[in-house]
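Q: Sequence:
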Amino acid sequence: MPLTTAARSRTIRNPDSGSMPAGIAPRDATQYRQIAATRMPTAQRRPREPLQTTSAPLQTRSQLGFAKMLEAGRALIEESGNLDDLSITDIVERAGTSIGAFYRRFDNKDTFFDVVQERVIAEGLDNVREALTSDAVWQSNEAGAIADAVIQLYLRAFRRNRGLYHASLLRASQRKSTWDAIRHSNDEVQGLIVPKLVDALALGAGPKAERAALEFEVLAALQLVLGMLVNSVLNDPGPLSLTSRRLAPYLQRQFRRCLDLPAA
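The sequence shown runs 0 to 263 under numbering that gives the first Met the number 0.
Calculated from the structure, these hints are not laboratory results.
Warning: the hint list may mix true and false statements.
Said to hold, decoys possible - In silico BS3-like cross-links for lysine-lysine, where the CA-CA straight-line distance does not exceed 25 Å: (1) Lys108 to Lys175; (2) Lys108 to Lys67; (3) Lys207 to Lys195.
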C-alpha cells in the first residue's frame, strides 16, 4: 500500500543519527540536512571547559602574606628589641594581612619569633658563605687581613640584627633554646672561617707551629670579641657602643694583638 506523505516523512533517516523528525516532508529533507550539517552535536558544540582551580592563586597569596608578616615582624623586632613589646596587631597591620591569617600560620608570638629567628640565622650563614667565595681576602693567606675580615663579618651581623639579638637574649632567660639557636649558628660560622685564619697563621709561623695551639688562640680571641659584642647589645655600657665608628678598628687591633699579629 502506498505510503502517505506523513508516513514517508517518518521513515526518512536523519543524516546524522536516527530518523528525520516527524513533520519534515521529503521536499524539506535537503534543507534539513543542510541545517543539521551546520550544527554540531550538543557535546561537541559546547565542549566542557576545564574547571579553573583557585588553589594556585590562593597559595600564592598565602605565601605572599606569610613573607610579608615575617618581614614586618622582623622590622618590629629590630625596632623594639623585645618580644614582649611585639603586638600581633602591629604585625598584621604593617604586613597588610589579618589576625586570622596570622593564626593560620603561627600558634602564638613565640612560634612566630622562632620562625623569624630561623630566617635571620639562615640569611646570616648565606652571607658568610658568599663572602668566603667572593671576597679575595679569604683566599689571600694574609693572616692580618683575614683577622680584620673576621671582625668586620661579626660586626656587620651584630649591627644588622641588634634588635633580634637583644630580644633573643632577653627571651633566653625563660627559654634557653632561643639563644642556643644563635650559638649553634655561630659554631657553623666558626667552622667556616677559623680554619682559614689558622691556615694563614700556620703559614706565617713556620713548620714548627702546632695547629691545635693556633686554633685555641683564635677561638679564645673570638670569645673575647663576642663577649664584648653581646654585652654591647644587651647593656650598651660604653665607652664603645655598637654603632661607634671606633669600634671596628679597636676590635681589629685587639684581635691582632691576641694572635701576635702586627698592627695594620
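Q: Compare the structure with each hint and give your call.
A: How the hints compare with the structure:
{"no.": "1", "hint": "Lys108 to Lys175", "result": "holds, 16 Å"}
{"no.": "2", "hint": "Lys108 to Lys67", "result": "holds, 16 Å"}
{"no.": "3", "hint": "Lys207 to Lys195", "result": "holds, 18 Å"}
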